[in-house]
Structures are given as structure tokens and as C-alpha cells.
Amino acid sequence: MTTVDGRHELDREAERLAYKPPEIRHDKQGDMGSDERINKAMHNFVKNFNTQTASYLDGCLHCGMCADACHFHVRTDDPRYTPIWKIELFKRTYKRQVGPFAFFYRLLGLKRQVTIEDLEEWQHLLYDSCTVCGRCSLVCPMGIDIAGLVSMARHGMFKAGLVPHELHEVAKKAAETGSPLGITPDKFEDRADWMADEHDVEIPMDVDEADVLAVMSSIEIQKYPQSIAATAKILNAAGESWTFRTDGFEATNFGMLSGNPEWQKAASLKLIDAAVKIGAKTLVLPECGHAYMALRWMGANMYGKPLPFKVMHISEYLADALNTGKIKVKKVDKSITYHDPCQVSRRGGATQAARDVLNHLTGDFREMPLGGDYNWCCGGGGGVVTIKRADPLRHRVFKLKMDQVEQTEADELVSSCANCRQSFDDSQQHFGWDYTMGSLMEMVAENLEEDGS
Amino acid sequence: MKRTPTVGEVLRAKGVSRRGFLKYCATTASILALPPSMIPRIAEAIENARRPSVIWLSFQECTGCTESLTRSASPTVEGLIFDTISLDYHHTLQAAAGDQAEAARHAAMVENDGGYLVLVDGSIPTGNPGFSTIAGISNVDMLKETVAGAAAVVAIGSCAAFGGIPGANPNPTGAVSVMDLVTDKPVINVPGCPPIPTVMTAVLAHFLTFGAIPDLDKHGRPMTFFGTTIHDRCYRRPFYEQGKFANTFDDEGAKAGWCLYKLGCKGPTTYNACATAKWNSGTSFPIEAGHPCLGCSEPNFWDAGGFYEPLSTGNFDSGEKLAGAAVAGVALGAVAAAAGRRRQAKFTKEG
Amino acid sequence: MDLLEFAKGPALQVAAYILVAGSIWRLIGILLLKEKPDYSEPRQSAGLLAALKVIYTRSFTAAPFKAATLYPKMLAYVMHIGLFATVFLFVPHIMFFEGFLGIEWPGLPNNIIYLLGVAAVVASFALLVRRLTSPVLKLISNFDDYFSWFVTVLPLITGLMIPVRMGLRYETILAIHILSVALLMIWLPFGKLGHTFLVFVTRGTTGMVFERRGAKT
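Chains as they are written, first to last, in the numbering used here: chain A, 1 to 453; chain B, 1 to 351; chain C, 1 to 217.
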């Protein structure tokens, strides 16, 4: 029996007798003056205030219960990580500029204008310590979608040039080269060819007309290239008329994560245009959480009208293909637990799909405690995994995840999000943890019954 | 001049026994909330008191107060006490009329200058002086003239005390209460429509005993009788707390004698002694007879909402103004939203 | 005009105008802001029914959060139930509503109302202590939170003082009670107490948006 408070780990590494104030880095892009940054932030906060956001920002009771749902607060007890506090500046700007009583707030100076110091401090709160996982949105007695508000508040931060450098760089690279990791169409084609050889699988590329457009995330292309082969195997086995496209392969959307609506729109339109060009009926998104949010739920709004094709997450596609018998899998003789990507399950509504797939794969699917819609986030969503200075915090909250996984005592751990996988890999390395995150899709690909169709 | 007999002498002459007299004194002491040790003092004071001269003025009134005082089934000690006072002028009760009556009033005023009591029932019109006159004298003039040499003034009934029904909205005669006009003499208000007879006599007894006016509340009423509400002393109070109410005058609740709050009982805001002193020689009081308290001893009771409207009913005048407020809300909201949108458009352009 | 007549008449009336105008002002001010159409293909239909569903379901805490939020939630329940009962189930209050609505409904015995009222006051004070001591609440609280607490608790306390009297005259304390209610009515539309009507908008919106996605609400 231990008496150590689980929230506050033993710190054996810190230097003794040394006082080092925590390093607070306020990253700034561009050479705007403070006033200009404040104006940019305010103007781009204001753009987001529609009926929905207004009711949310007007409805908060300051009950503070969202703090109990947030992994950053739960693991640190730092009140600044209270979700609603993270959007304090956004909320204040709403009340001062657009709310029903904005005139009086300005006249009487009841809500002060945000300052550059505020914005600098909130950079840490809006980016480093929020993965937009949306657990807080479920605890709120008023039903306020706080996570959605954080995403919008980031618009102001981005335009004010107040994004953590690494995230900004990644987003910028994505906007300039089409991929956050700088993967050009040629490089994608190269790696697809390599995988086709390596795994002896046919990978259609740039077909002019196809029913299904498959896309990948750069993380997969770079770090987990076997995903390309797995995708191909599955779509081939299902007998789909499908293709990858070099003019629209990147599913991640760092414009959305960093808070630049123009970049977000450009990234989404690229995929949409490619799908429209080949007359696709379905666009299958890869194992990536935020890609699902960006295209499945926000894509049509970027396009300005309903999409002429269906958007499916790969787990949804797999569930559908397995349930209808389009593909068949051998059962694996292992117990498996599943980590829900927040944007696919909790916020995307596709929670059941992965469970259907897993029940085809194993007779021993083990739900984590709090699994499914109330799952703890991997800690790296919302672009947090790219922010190096947030690593200690991210590792700290990962403890919740480790506890959750370990309680299942499952043989295998899988998820359906390359971003989650990346943060799991990193934290696994940091903690020297036993569990290695696997891919649901790869597991299906490995266990396809060849004579299935 | 012939010595006026003391009250004791008069009572004995009328055949009231010593025992009966002391019993009255004990009752008076208890009504006045005085300790029993005060009984001998009351007895002594009343017995030896000179018959005080009383001038009773009736203005805009209905004679109900006089009726209340005189309508006793049998002569009571209270009644006799009134016999013992020298009621030198009361135009309803006195035999004299015309010049004789007015002469009696003037004589009493001169004889007892500085020591007589003026009892007033009815309110006084301040509009046209011709609205109410006695012997060609307007009420205001008569009051002022009579009060000038008085020791104290007792306003009997709600009209004299607070204006009553003549003073109720729209108050066509500009009726006012005694205390509105008499500011340089002590005024005791004994309101009620009509007041309880015992209360009237007890107030006089107090004046005889102590030679001073009793403690008064903020409305000039003797605290002894007007210190607690009907509701607080009501025998139906437990039903109020239990939530047992009569909903109509003939339902089961009414028959069972449940609380009359819903039928408009003003007991909670009405200060009077009805629930304890009761009426008609202690027989009952309105609530006991199944009717809600009207709040007749309170100022402006005619205008304080309907008699049969529950006390908690708000005095809203109409729903139209509320609808107007709603329309104003819509307009303000629309203006606010338009201003918000305009700001958004401006900020969007500025980027 | 004495204090009670002032309270029952003009004070309550003006408060009612402000309550109605202010609430509608705030609602319209929010509802008439631009609305973005959602072109995404819904997973399932979600209209008013979804809104109503979440308006109802968010009244209860989801199981995973029960342990962490048990204490404040319990207090909030006691406070809200007590407040509801004292406002709408106390017979003299029902008579008040009947006075302008024309309908009445069964009430609770006064003694039960007193009990619920006291419980609500106790819970309110416990919530205030929590707000003053919890690091999270200390950080996020502002004037609105404390003032709204004050104007909510005041009518409860003054109302409970009526049967107790505390040395004050019935009509005086009744007048103070009504005036405190008027203050509550005047403040309600403008501060966080607006959640009495905004709760339907926020929960309803979330219901429609998330139910449409088939996501957890």
C-alpha cells in the first residue's frame, strides 16, 4: 500500500537545492506590434460569434465542473486548466463586442479589453493544455460545447501571430507543401510504390474515375507507411473501384488545429476537389481523428454546399464492410482493448464502428473503464503533440491513459488514429511502458481472409 | 357648581356590586396586558375618577361605530362605563337638538376647558365645506373649534382614523382623517369598521386610570389591542401551516373550517383584537363565522386589493403593459443583434 | 402608499416589465445573430426532439462524472428543488400566480415549504463556501457570480423570515420579501441567472448539433 498521492508523482530527477523558475515561452509570429496583435485577435474572435457560440458564451454558470472532466486539470490541479477559463478572453470579447448587452459592457467598462499579456498567457492555455477532446462538453450542465469554442478562439490567436512555434511551423508547411511533414505528391507516390513492392499489393494511383477515394495522413505516410499497404489490401479485398490521388491525399488539417480558417478550407477543398474530379461516391478517411472532424463534419461547410459523396472514417468503412460481408477476417486469439480517438468517437459519433470491427476480430474485446464516449484523450490531440514545450504536461496526463489501458489487462492495444498512435509511441518511450499502440486497420489487413470475397 | 359624582358613585347608584366592578377591572387589566397587581390601581382610579366630559363628533360616517357601541344585548359594565362618562354632545344619542345641542357642546367646552375628551367618528371632507355640515358649521371648523380645548382626541373607527370609505379612491370629498388635521393634540386611533366595543371602553379606561394615552403603534393605534395580527391569533392558523384551505365558500374545506387565505383573508396583515376579544359579548369574530377578515382596521383597506383576492395577489393593472415590455424587449434585442452584426462585419473587413 | 403597497404594486410591476423586456432582449439579441447553415450530411435526423432530449438528459450527471461532481451537484439539486418548491408550490405564491394567470395548481403544506426553503438556504451557503474556497471557482468567479448568489438567496431568507418574524412586523417583512423578489426579477435577465431561460437554448443547441452527428450528448 502506498500513501503517495497519485496526482503528484515523485520527482527524482529535479536538481537539488536549485531554484529554476518555470520557463514560460510566449511564441510570436510576424512583426506586428502589440496593438495590432490585440486587434487581430479581437477581430478574429468576433467573426465566430453566431447564435450557437453566443448562447454558449452567454450561458456559462461558472460552476467549474468542466475542471473535473479535463485531464490537464485532473492531473495537475492547476485551476488555469479549467476548460471554461481557457476561453475566458474569447468570452470576454464576446460580451464586450457582440453580446446583447455589449453596449453597456463597453460604456461602463465592465469587461475590459484583452491585453497582450493576456493573449500571451492564453497561448499556453488554448494550445499547450487543450487537446479539444471535448470531455468537458459532456460534463457541462448547460451543455456548452467548450471544446468547439477553444477551436474558434484559436482563430484569433493565429491571426495575432500567437501560436506555439512548432505547431505554427507544421501548419505553415502543410499550407505551403500540402503536407505537415513536407510530403510532396512525388514522395507519396514513391512511398506507395515501395509499399506495393514490399507487401505485394496493388495500389491504384491517380485513376481518373473511381467509386472510392482513399486518402492518408502524413504521419502514416512518414512513420507508419504499412498503413498505405493495409488500406490497399482492404479496399482491394472489398472489391472496390478505388484510388489514391496525388492531387488530394493529405487528410490531416493543421490549418484547423492551429486556427487558420483559410488554410483549413484550402486543405479540405483539395480533398473535396479530388473526390469530385474522379466522381467518387465515397471518400474514406484514414486513421486520423481530426481529419474526421475536418472533413466529415466541417468539410461541407468549407465547400459551401452538401458534398456530392459520402465521407467515412476507415473504422466506419471497415465496420460496414465486415457487417455486410464484403470482407472477412480471421479471429485473432488475443484479448484486445481499444483507445477511442476523441474526434471520431466522442465528437464524431462513430463510436460503435470500431467495436463492430473488433468483435469480428476477437472474441475477447475488452472495453477500457470509461471507454467509448467518455474515454480519456491520448494527450496529444488538437495539435498538442507537435508542441515540444508541452511534452512534460502531455506525459503527465498520459498517466491517466496508462491506468485506463492497464486495467483491461488486454494483450493488444489498438486505436484508429495515427495522431493518437504517435503520442502513445512517444509516451511509451518516455515511460518505458509495455503497451505498444497498434492500428485497428492494420490488424484487419493482417487478418483478412483471402478467400473472403 | 354641583360636584360631579365619581364613577364609583355612579356605578353603585346603578346597582353594580363591588365584586362585579372588580371583575371588570381585572378584565380590563388583562385586555390592557397589565399585571394583576395593577387591578387595585385600576379599580381605584376608575372609582375615584370624576366623570370626564366627552364630546362626540360625527362627520362623514355611517353611525356604525355608534351602533357597535350601543348594540349590546344587555347592559354591560362597558355600557355602564359609558353611562358614567358625561357624554355632553353626541348628535345621534342626545335628546337635545338644534341650538340647544350646540349650546351643550359650547357649555361642555367652557366648563371642562383643557380636560375633556373629543371622540370623533367619520372622516372630514376638505373639498367643498358644504359637503358635510352640522348646524351650518363645516366639519373642519367644528373639529378645530372643539379640539382646541381638549385633553386628547380619540378617532373612533377607520373613517376617523384613516379616512375610511369616504377617503377611498377616488375620494370625491377630499376626505381626511382626524390625525391629518389635528397635530397639536394627542390622537388615539381606534380603527375598525366598526371598532370592537371592548376596545373603545378599554382605551377610555386606560385614559381614566393613567391620565395618559396608551402606547401607540406607527398608525396611532394602542399597541395593546393592535399589537398582533389576526393571523397570529387565529384559531384556524394551524390549517394555514398544514396547507388546508377553503377554496370556495361552500366546499368541504369551508365546512371543515379550514383557513380562508385563498378566499382573500387579510388576517396576516391586519392588526386587531378580533381573534381574542371577539364580538357580540365574546360570541365570535368574522373568521369564526366563516368569512375572511377584510382588514378593516388597516389604513386604506378599501383600496388594498379586492376583499376576496388572496393577500399575495399582486396589484398589476393589466397584461397590456407587460405585452408592451415584451415588444420593447424584442426591439432592444433586435437593435443589440444588429449592432453586434455590424461590429462583426466591420471587424471582418479589418481582418 | 405604504411600503407593502409599494412593493406589491409599482415595485413588482416595474420588476416584471424589466424581467420580461430584459429576458426577451437577451434572447433575441442572441437568436438574431448570424446563423451558419450546416451542410454536412447528418448521421441521423435531429430536430426539436434532439433538443428536448438533451434539455432533459443534461439535468442529470453522466455516470463517469458522478463521483467528481457529487458534492456540488447535490447542493445544486437541493438549491434548485428548494427554490422551485418555495416559488411555485407555496400556496400564497400560487395565489399570486393565479392572480394574473387565472390558473391554480396544488401546493405543498407550508411546513414542508419551510423545510425545503431552509434546505435551499443551507445548500446556497455551502455553494458559496465552495466558491470562496475552491481554487477553480475562485479563479473563474466574478461579480456576477456573487451578486447573483445574493439576489437569489435574499428572497429565500426574507421569505423564511415571514413566519419567524424576527421582531419585524408582518407587512414590513412581507414588503421586504417582495422587494427582494423584485430585485431578483430585475437582475435575472442580465446576469448569469439568465440560465433560467438560456439553459433551453444551450442544451437544445448542443442536442441538435451533436445528435445530428450521432455523437455523445
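Quick caveat, the hints were computed from the structure, so don't treat them as lab data.
Please note that a few of the clues may not be correct.
DSS-like, lysine-lysine: derived pairs with alpha carbons at most 30 Å apart [claimed, not checked]:
| # | chain 1 | residue 1 | chain 2 | residue 2 |
| --- | --- | --- | --- | --- |
| 1 | C | Lys-73 | C | Lys-216 |
| 2 | C | Lys-66 | C | Lys-53 |
| 3 | A | Lys-310 | C | Lys-53 |
| 4 | A | Lys-187 | A | Lys-310 |
| 5 | A | Lys-270 | C | Lys-53 |
| 6 | A | Lys-111 | B | Lys-255 |
| 7 | A | Lys-47 | B | Lys-346 |
| 8 | A | Lys-47 | C | Lys-36 |
| 9 | A | Lys-223 | A | Lys-172 |
| 10 | A | Lys-310 | C | Lys-34 |
| 11 | A | Lys-277 | A | Lys-310 |
| 12 | C | Lys-73 | A | Lys-281 |
| 13 | C | Lys-36 | A | Lys-172 |
| 14 | A | Lys-95 | C | Lys-36 |
| 15 | A | Lys-270 | C | Lys-73 |
| 16 | B | Lys-218 | B | Lys-255 |
| 17 | A | Lys-111 | B | Lys-349 |
| 18 | A | Lys-111 | A | Lys-173 |
| 19 | C | Lys-73 | A | Lys-173 |
| 20 | C | Lys-216 | A | Lys-277 |
| 21 | C | Lys-138 | A | Lys-399 |
| 22 | A | Lys-270 | B | Lys-278 |
| 23 | A | Lys-399 | C | Lys-216 |
| 24 | C | Lys-138 | A | Lys-95 |
| 25 | A | Lys-173 | A | Lys-328 |
| 26 | A | Lys-172 | B | Lys-349 |
| 27 | A | Lys-173 | B | Lys-349 |
| 28 | A | Lys-305 | C | Lys-36 |
| 29 | B | Lys-255 | B | Lys-185 |
| 30 | B | Lys-349 | A | Lys-95 |
| 31 | A | Lys-330 | A | Lys-277 |
| 32 | A | Lys-172 | A | Lys-328 |
| 33 | A | Lys-173 | A | Lys-95 |
| 34 | A | Lys-281 | A | Lys-328 |
| 35 | C | Lys-36 | A | Lys-111 |
| 36 | A | Lys-270 | A | Lys-281 |
| 37 | A | Lys-334 | A | Lys-277 |
| 38 | A | Lys-328 | A | Lys-223 |
| 39 | A | Lys-111 | A | Lys-47 |
Results of checking the hints against the structure:
{"no.": "1", "hint": "Lys-73/C with Lys-216/C", "verdict": "21 Å, holds"}
{"no.": "2", "hint": "Lys-66/C with Lys-53/C", "verdict": "20 Å, holds"}
{"no.": "3", "hint": "Lys-310/A with Lys-53/C", "verdict": "27 Å, holds"}
{"no.": "4", "hint": "Lys-187/A with Lys-310/A", "verdict": "28 Å, holds"}
{"no.": "5", "hint": "Lys-270/A with Lys-53/C", "verdict": "37 Å, violated"}
{"no.": "6", "hint": "Lys-111/A with Lys-255/B", "verdict": "61 Å, violated"}
{"no.": "7", "hint": "Lys-47/A with Lys-346/B", "verdict": "10 Å, holds"}
{"no.": "8", "hint": "Lys-47/A with Lys-36/C", "verdict": "12 Å, holds"}
{"no.": "9", "hint": "Lys-223/A with Lys-172/A", "verdict": "20 Å, holds"}
{"no.": "10", "hint": "Lys-310/A with Lys-34/C", "verdict": "28 Å, holds"}
{"no.": "11", "hint": "Lys-277/A with Lys-310/A", "verdict": "14 Å, holds"}
{"no.": "12", "hint": "Lys-73/C with Lys-281/A", "verdict": "48 Å, violated"}
{"no.": "13", "hint": "Lys-36/C with Lys-172/A", "verdict": "27 Å, holds"}
{"no.": "14", "hint": "Lys-95/A with Lys-36/C", "verdict": "20 Å, holds"}
{"no.": "15", "hint": "Lys-270/A with Lys-73/C", "verdict": "47 Å, violated"}
{"no.": "16", "hint": "Lys-218/B with Lys-255/B", "verdict": "37 Å, violated"}
{"no.": "17", "hint": "Lys-111/A with Lys-349/B", "verdict": "24 Å, holds"}
{"no.": "18", "hint": "Lys-111/A with Lys-173/A", "verdict": "38 Å, violated"}
{"no.": "19", "hint": "Lys-73/C with Lys-173/A", "verdict": "47 Å, violated"}
{"no.": "20", "hint": "Lys-216/C with Lys-277/A", "verdict": "34 Å, violated"}
{"no.": "21", "hint": "Lys-138/C with Lys-399/A", "verdict": "27 Å, holds"}
{"no.": "22", "hint": "Lys-270/A with Lys-278/B", "verdict": "93 Å, violated"}
{"no.": "23", "hint": "Lys-399/A with Lys-216/C", "verdict": "24 Å, holds"}
{"no.": "24", "hint": "Lys-138/C with Lys-95/A", "verdict": "20 Å, holds"}
{"no.": "25", "hint": "Lys-173/A with Lys-328/A", "verdict": "39 Å, violated"}
{"no.": "26", "hint": "Lys-172/A with Lys-349/B", "verdict": "24 Å, holds"}
{"no.": "27", "hint": "Lys-173/A with Lys-349/B", "verdict": "27 Å, holds"}
{"no.": "28", "hint": "Lys-305/A with Lys-36/C", "verdict": "12 Å, holds"}
{"no.": "29", "hint": "Lys-255/B with Lys-185/B", "verdict": "48 Å, violated"}
{"no.": "30", "hint": "Lys-349/B with Lys-95/A", "verdict": "20 Å, holds"}
{"no.": "31", "hint": "Lys-330/A with Lys-277/A", "verdict": "36 Å, violated"}
{"no.": "32", "hint": "Lys-172/A with Lys-328/A", "verdict": "41 Å, violated"}
{"no.": "33", "hint": "Lys-173/A with Lys-95/A", "verdict": "35 Å, violated"}
{"no.": "34", "hint": "Lys-281/A with Lys-328/A", "verdict": "23 Å, holds"}
{"no.": "35", "hint": "Lys-36/C with Lys-111/A", "verdict": "27 Å, holds"}
{"no.": "36", "hint": "Lys-270/A with Lys-281/A", "verdict": "16 Å, holds"}
{"no.": "37", "hint": "Lys-334/A with Lys-277/A", "verdict": "43 Å, violated"}
{"no.": "38", "hint": "Lys-328/A with Lys-223/A", "verdict": "27 Å, holds"}
{"no.": "39", "hint": "Lys-111/A with Lys-47/A", "verdict": "19 Å, holds"}
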